[in-house]
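Number of protein chains: 8
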Amino acid sequence: MKAQHLEALLADVAAGRLAPGAAMDRLRHLPYEDLAFARIDHHRALRQGQPEVVFCEGKTLDQVVAICERLAAASGTFLGTRATPAMAEALQRRFPGVAWNAMARTVVLAAPDVPAPTAGPVLVVSAGTSDLPVAEEAAVVAEAFGTCVERLVDVGVAGLHRLLSASDVLDRAKVVIVVAGMEGALPSVVGGLVAVPVIAVPTSVGYGAAFGGLAALLGMLNSCAAGVTVVNIDNGFGAAAAASRICRA
Amino acid sequence: MKAQHLEALLADVAAGRLAPGAAMDRLRHLPYEDLAFARIDHHRALRQGQPEVVFCEGKTLDQVVAICERLAAASGTFLGTRATPAMAEALQRRFPGVAWNAMARTVVLAAPDVPAPTAGPVLVVSAGTSDLPVAEEAAVVAEAFGTCVERLVDVGVAGLHRLLSASDVLDRAKVVIVVAGMEGALPSVVGGLVAVPVIAVPTSVGYGAAFGGLAALLGMLNSCAAGVTVVNIDNGFGAAAAASRICRA
Amino acid sequence: MKAQHLEALLADVAAGRLAPGAAMDRLRHLPYEDLAFARIDHHRALRQGQPEVVFCEGKTLDQVVAICERLAAASGTFLGTRATPAMAEALQRRFPGVAWNAMARTVVLAAPDVPAPTAGPVLVVSAGTSDLPVAEEAAVVAEAFGTCVERLVDVGVAGLHRLLSASDVLDRAKVVIVVAGMEGALPSVVGGLVAVPVIAVPTSVGYGAAFGGLAALLGMLNSCAAGVTVVNIDNGFGAAAAASRICRA
Amino acid sequence: MKAQHLEALLADVAAGRLAPGAAMDRLRHLPYEDLAFARIDHHRALRQGQPEVVFCEGKTLDQVVAICERLAAASGTFLGTRATPAMAEALQRRFPGVAWNAMARTVVLAAPDVPAPTAGPVLVVSAGTSDLPVAEEAAVVAEAFGTCVERLVDVGVAGLHRLLSASDVLDRAKVVIVVAGMEGALPSVVGGLVAVPVIAVPTSVGYGAAFGGLAALLGMLNSCAAGVTVVNIDNGFGAAAAASRICRA
Amino acid sequence: MKAQHLEALLADVAAGRLAPGAAMDRLRHLPYEDLAFARIDHHRALRQGQPEVVFCEGKTLDQVVAICERLAAASGTFLGTRATPAMAEALQRRFPGVAWNAMARTVVLAAPDVPAPTAGPVLVVSAGTSDLPVAEEAAVVAEAFGTCVERLVDVGVAGLHRLLSASDVLDRAKVVIVVAGMEGALPSVVGGLVAVPVIAVPTSVGYGAAFGGLAALLGMLNSCAAGVTVVNIDNGFGAAAAASRICRA
Amino acid sequence: MKAQHLEALLADVAAGRLAPGAAMDRLRHLPYEDLAFARIDHHRALRQGQPEVVFCEGKTLDQVVAICERLAAASGTFLGTRATPAMAEALQRRFPGVAWNAMARTVVLAAPDVPAPTAGPVLVVSAGTSDLPVAEEAAVVAEAFGTCVERLVDVGVAGLHRLLSASDVLDRAKVVIVVAGMEGALPSVVGGLVAVPVIAVPTSVGYGAAFGGLAALLGMLNSCAAGVTVVNIDNGFGAAAAASRICRA
Amino acid sequence: MKAQHLEALLADVAAGRLAPGAAMDRLRHLPYEDLAFARIDHHRALRQGQPEVVFCEGKTLDQVVAICERLAAASGTFLGTRATPAMAEALQRRFPGVAWNAMARTVVLAAPDVPAPTAGPVLVVSAGTSDLPVAEEAAVVAEAFGTCVERLVDVGVAGLHRLLSASDVLDRAKVVIVVAGMEGALPSVVGGLVAVPVIAVPTSVGYGAAFGGLAALLGMLNSCAAGVTVVNIDNGFGAAAAASRICRA
Amino acid sequence: MKAQHLEALLADVAAGRLAPGAAMDRLRHLPYEDLAFARIDHHRALRQGQPEVVFCEGKTLDQVVAICERLAAASGTFLGTRATPAMAEALQRRFPGVAWNAMARTVVLAAPDVPAPTAGPVLVVSAGTSDLPVAEEAAVVAEAFGTCVERLVDVGVAGLHRLLSASDVLDRAKVVIVVAGMEGALPSVVGGLVAVPVIAVPTSVGYGAAFGGLAALLGMLNSCAAGVTVVNIDNGFGAAAAASRICRA
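Protein chains in written order, with this note's numbering: chain A, 398 to 646; chain B, 398 to 646; chain C, 398 to 646; chain D, 398 to 646; chain E, 398 to 646; chain F, 398 to 646; chain G, 398 to 646; chain H, 398 to 646.
Excised from the complex, chain A in its bound form (with noise of 0.2 Å):
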């Protein structure tokens, strides 16, 4: 490890080992940010069971095992996302204990002896049954990332009644992630029923003027509500990544 290395040469200049001035040099030269990132990755050692994550699309099959067998060696675990069910009988194949989540598109291989998680819980409501896959990646990530994931679906603002009698669940989220598509108005009216943050994801449901989903993108950058981020179209991790780094705040 770098931190080591660096040890070791402070060591060598207190024993008269190495000059000054050939440390200096050799300083210089040092992959100094290591040193930054090792304090990350401790940051990342503290949060047990939380696996490194493979953003499946484009990568071949034989690209995706062999990056997941290099993550499941270092630390046992791993997430995929954007998985095809090709790329899930594979991993299966090598990893028996991996998890396939069809809809999600997801791949996870839990890492062992992992506290129930207890951060949370994050609502993940979705307008529209077409919303699905993208809720589910929103969900089963924030699992993987060890918190507690509820779910509300089928609850788009043309009727009401579904979301304003789910009033128990919206009251008891620590974050609530909204994934809508068509016009996304969903983030909007529940950002005005809850008072903790909400993150919207538009989806690239719908068609026409909903031009892959930037009609939902922009309303809800545009929504009159207050509390409410967004991320990119079709983006359930990354709502997820961001919901675990607030419940962990």
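Hints listed in this document are in silico derivations from the structure and should not be mistaken for laboratory results.
Among the hints, a few may not be true.
As the list claims (entries may be wrong) - In the PhoX-like style, the derived pairs of lysine-lysine whose C-alpha atoms are separated by at most 20 Å in a straight line are:
no., chain 1, residue 1, chain 2, residue 2
1, C, K571, B, K571
2, F, K571, E, K571
3, H, K571, G, K571
4, A, K571, D, K571
What the hints assert, rightly or not - Reference excerpt, derived from the structure (chain H facing chain A, CB under 7 Å, subset only):
no., residue
5, L407
6, A408
7, V410
8, A411
9, P417
10, A420
Claimed, not checked - Take a look, some chain D residues computed to stay more than 10 Å from chain A by CB distance:
no., residue
11, D409
12, R414
13, A416
14, E454
15, A487
16, Q489
17, D510
For glycine and all other residues, C-beta sits at the position ideal for the given N, C-alpha and C.
Given the coordinates of chain A, assemble chains B, C, D, E, F, G and H onto it according to the supplied hints.
Okay, now just chains B, C, D, E, F, G and H, sitting in the frame of chain A:
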């Protein structure tokens, strides 16, 4: 009148004063479409008191006054939208009966002896105080077109209780015009609460990614509520014109 | 039912079986919005034979069949839009009475004993043959919603005579739905010829700078004809839903 | 109060002064949502000293003063964003205790006897000097919402050393708000350095292909760093509102 | 024919078989526009051998064949654009004389005894080999419309000498159609070299920020050369139609 | 003149005053393109009275006057577009014969003894009164380029009869320039009525989703009428330049 | 050669075999630009071993082979970009020495006896593994153009330490090509670390609001680092061509 | 200096005054990046006379003066871009040696005893007179950065002869900066004429579909000429910074 011209021509043919071939030639070049639009004008005559409309924006004060004088001479009434205070003042000097609505930017010279409106009511709902100029334009125009108007203001979706407590006024509307900027989510919510046509008017209220009303426009076009149709950004006039047609349908 | 729950609660209070404070608590958490939408459901009940609508695009064949079975069990009727031939076949196997319109991509299970439609007529006008699928979707949906429908096809603005010779059918319409792609100019021309509401449907027909229907959409939103409102690109369903609301208004 | 109305109604039923059926009717029309939002208001009451917020842009001086007077009378405190110098001057004449921050364009009337903030700290990081007005708006609002705030300015990514040397302040933040225009790359870099939630605020700083903040907005939405969420262009207020919710979560 | 109907009507009036008032009524409902377009059709008759045009894209093979059969029966000629090989094959089976241009994607059934074209020449200039399908569509259509055509290929602006050495062919053109993708700069250069009308056709050739031809389209619309007009992306047909009108003007 | 330079050089070679190799060197560096454009200039000379054109927008008053003085000295004539009243006044002080058209924003110094124009006529059609400045620019420029001009104003598609009754003027045009804002539908309708080239000029007239003329531009590019070509938004000059080239073709 | 033609012509004039006037005529029509580009070709000849480049995308296999055969015959070398495996296979059958890089999609036939490259080095930096195809295209092209290339991969800004530890390779580069998708922030960071020209290549890597590389493109154009220039999305070839020109400058 | 701090620390360790563990802690928090950028600053020192640059737009007069005073005190030189006349006047009062270029909007305080520039020349080519401010900014900045500059103005592609006759100046350039608005075609043409790097600068010159420089930007990004790279709209400074880096490469 063109109809009289045609009658005279036919009478000439019947009386032998004009050969069929010569009549054929004259008919071929007669501005036939005037016949068609005399019919449409007749429709207009049936709608008592509906004034001709002048879009004042981009016209000079002199042009606006001249056009209004011509309309007043022909029909005793006019309606101007997007008028400036100076235009209103000039018109009021010329026509003491002109009503100027500073917020709606409208000038109205009511026809004499217009019966009280019985169509409607049209309900004009607005999301925020900044949307009021567009909402008022819609309201004034709808009234000038002979429909009753009711108003519901400041009922944005981030505070649903304000809208939900107005079920009485929502229930008795024949058409609802919903005016909203920013994310433009209000028409979807209203569309889920009522069973009558909803006309959505996006406004240019907002900043940044509101892109001058584009976000609200896209949101409304992608509304998940059935029965919602949309007009141009800030087009209170167009919404009122459509609502009046609906009330007369 | 929720209304029954509330009646029972009030009866308990009246009978002294429940203290007002305890009733207060239960009322506070009662899903009040069910009351609101029971009212709306009552409205729906009044509209005999109007089927629930399933947007099939993006759903699996199994999901579509399951939803339709639930709807058929509850109401004896359903309407599906954007259905694939495979979905239609599966539904027809399950419900022999299902009508499949391949051009409109609709499946309809008509309610038994529905009276013949009397509302309307809604006139569906289309600019070119490529616009027919969207126009047919509008026509089928409007019929399923209980309105009479008439059709006027292939009357694009580059050959005005085809439209102008159809004054009879234009004159008797209660609402006109105008379906057009490319430059989307037809609603403006129709809007100048009729005195009833015009609902414009831009289609994704075209190429290059048509940008998937954007050109037609913008054209329609900027129509110089009063009384024209617009729905999303290719949204024949939405136009029909709005037209049906207008016919019932 | 509505809760009192409901209690009285139930007492009337219990006392036999009101039949259950009549109570049923009145309950059906009672603005039920007030119950829901009384609860929310109660939440607000628990957050001592948090002022109501007035978005001054697009309002007249008289409107702003009138709204602030109403807020001050109700709660002894208010916060106005996007205020003009003239608004600030008028409010300071009326309320000598008003604090005016010219760069942030905020006016604050602090509630009396507000305890010193303990939540946070929120760290507000800005890329360039032109981003300071948005950053200051975020800082002032976060403070008004009861969170401690720290600032880190002029640490754009073209000179990384300025940011990397600030590890102390980065390490102790509970939330980081990152404000940047032009290419908006700073949130990605910060997101890789810290383990807490990062809220990215694109600004309209830049020219040409910055397109009024669009370039920065898109960059932030596509951040390769996990845990970054985004608000509207120049929306310092929204970032602070979300950050405050996070600190209280 | 409608003209005959009108003549008969006038004869009836002249003969006293029809009262002027009854004639008036029938004239009011006569589809007058047929008169107008009979005139236009007469214009078409004067242009010997110009076939009707079928835009095949988005039509089924059966539809294309049916339409072409109708056209061939009426006029002995047709022109189809954007035809697939299967359409061409089917048409050639039905009409052995059909000419299929695979690059231009056109099918032409020439009218018998068409005189050799004398109008023009139209010069079709293309920037790169990938622009050839659009250029060929323009060339085939212009020939089918009765104009002489010359071609100049692969003369993109990055190698000006290829264009500059073709001054002879440039000089004798009556109209120049310039087809280019990517940055679409060629029409500006050609527009500065010739004194005749230049019709610019942007193509969808390119990638990335070409945005499907948008870059070329915008470039051509902003041409600094006077006398350049523009048609839709990939619209070789439209350019040829306009060029043919110019040659006949 | 360059041609004279070349003749002298060749004469020197013929006379032995210049060795072929030295001539070769001088030819290699001779600005050869001047030969090419001397030819073009010769073309220009043939078109009597056609002035050089100055685009005044973005130039200072002094620059405009200086350029016009140079043009007047060289050719006795100039044409300036987008001139301000101050520029017009300054030019009229300097050249009493300058004609200033305030609506078209043009300044013209006519060449002495220009024969009356015989080419054309070019018909300039405009949809609304707000389109008149662009239409007038086209008309003035076309006249300055030596073509006869006719005008048809206020014939928007929402009132077709105004256009249809103008068949005489439509029939005698050699080219039609159609100027329209908002949805830009007029060129399609005109294109279906005439057999000559139609040049469409979108204007920035409109608001909201007109997006500064983009809606009209896209509509015109997607015109379903053959023979329509398009120029830049508000580019009356460009349309006139192309129309004049067509009339001379 | 054209230069020889000119020499012969001048010799004829000197010898009296050609009159100056006749020479004048022939010179006027001589493709003068060939002189200009013979000079440019000479420049190309000076750059030993630089192959002509074939953009294979959108060309048929036969076209690609034919073009490459012509190039190989003329110069013994060629370079093809965006080649398919089938193209590579066909070319390798025809030219056994062809090198196929599957990731870069390039085919190279090296010129015989090309000296080892001495220019550069060009450093190609890529942000993520998905950016590698574009980065490799840049690297292969730069090598084919005769410059030394070094590579630095997977150094995205969310993990700065990977970049900062590579100061050696950064320091010795003569030009840096930075390839990145998503938010495209890497060129700004690199631009702040080096003192040499930086060429930024946005890639289409990403999803949602990446809009096919638009986000990265806008980010790079707005880079706050001086000395960064940008090429088209995914244009590794263009970056390498520019880098090679810089190394030779 | 930081390097001195590090040397002192190592000396302390060597001397036993500081334990290795304590040194380890201090090193961990030492702002390591200052080492990295001290190196970069050293690079800057090697480039004699290159001033620091102040982007004045959006800064107050006082801010600009204060920053320039600090720069002058540190280095005896500064360069300000986008300065207003008032800023220039204030700076000239404070520093009599300041050179103000009104067209380029630059203020330069030259370092004393700067040797005459030897790098380059950079050739700045501009398409039209309206592009001159951006071109001049590029020229002034390049000179301030120590490179020789040549200028070629008003050589737009619609009159190619003006460019082609300037082969001498094109041939001797080491880098060419091409500044153009409207369709932005000039860089493609120049890129085909020279063998050195071309930096394209789109300008916001134009109107309508120029969209503030977007058309020129897209055109340049899609240039068919190899070796062209692009900077932001109107970014003359950025082009000069890159060109200077190239000249020093």
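Against the structure, the hints come out as follows:
At most 20 Å may separate the alpha-carbon atoms for a hinted pair to count; C/K571 and B/K571 meet this at roughly 16 Å. For the given pair, F/K571 sits about 16 Å from E/K571 by alpha-carbon distance, which is consistent with the 20 Å threshold. Taking the CA atoms of H/K571 and G/K571, the gap is about 16 Å. The hint holds against a cut of 20 Å. Restraint check for A/K571 and D/K571: satisfied, since their Cα atoms lie roughly 16 Å apart, inside the 20 Å limit.
Interface restraint check for H/L407: the shortest CB-CB distance to chain A comes to about 4 Å, inside 7 Å, so the restraint holds. Of the supplied interface hints, the one on H/A408 holds, with its beta-carbon coming within about 5 Å of a beta-carbon of chain A, less than 7 Å. For H/V410, the shortest C-beta to C-beta distance to chain A is roughly 5 Å, which falls under 7 Å, so the interface hint holds. The beta carbon of H/A411 is positioned within 7 Å of a beta carbon in chain A (closest approach about 5 Å), and the interface hint is therefore held.
The interface hint given for H/P417 is met, as the beta carbon of that residue sits about 4 Å from the closest beta carbon of chain A, less than 7 Å. The interface hint given for H/A420 holds, since its Cβ lies 5 Å from the closest Cβ of chain A, which is under the 7 Å cut-off. The beta carbon of D/D409 sits about 26 Å from the closest Cβ of chain A, which is more than 10 Å, so the claim that it is off the interface holds. For D/R414, the non-interface assignment is confirmed: its Cβ lies about 30 Å from the closest Cβ of chain A, beyond the 10 Å cut-off.
Taking the minimum C-beta to C-beta distance to chain A, about 27 Å, the non-interface status of D/A416 holds against the 10 Å cut. At roughly 14 Å, the least C-beta separation between D/E454 and chain A is larger than 10 Å, which holds for a residue marked as non-interface. No beta-carbon of chain A is positioned within 10 Å of the beta-carbon of D/A487; the least distance is around 25 Å. Every beta carbon of chain A lies more than 10 Å from that of D/Q489, the smallest distance being close to 25 Å; the non-interface claim holds.
Interface exclusion of D/D510 from chain A stands, the closest Cβ pair being 23 Å apart, more than 10 Å.
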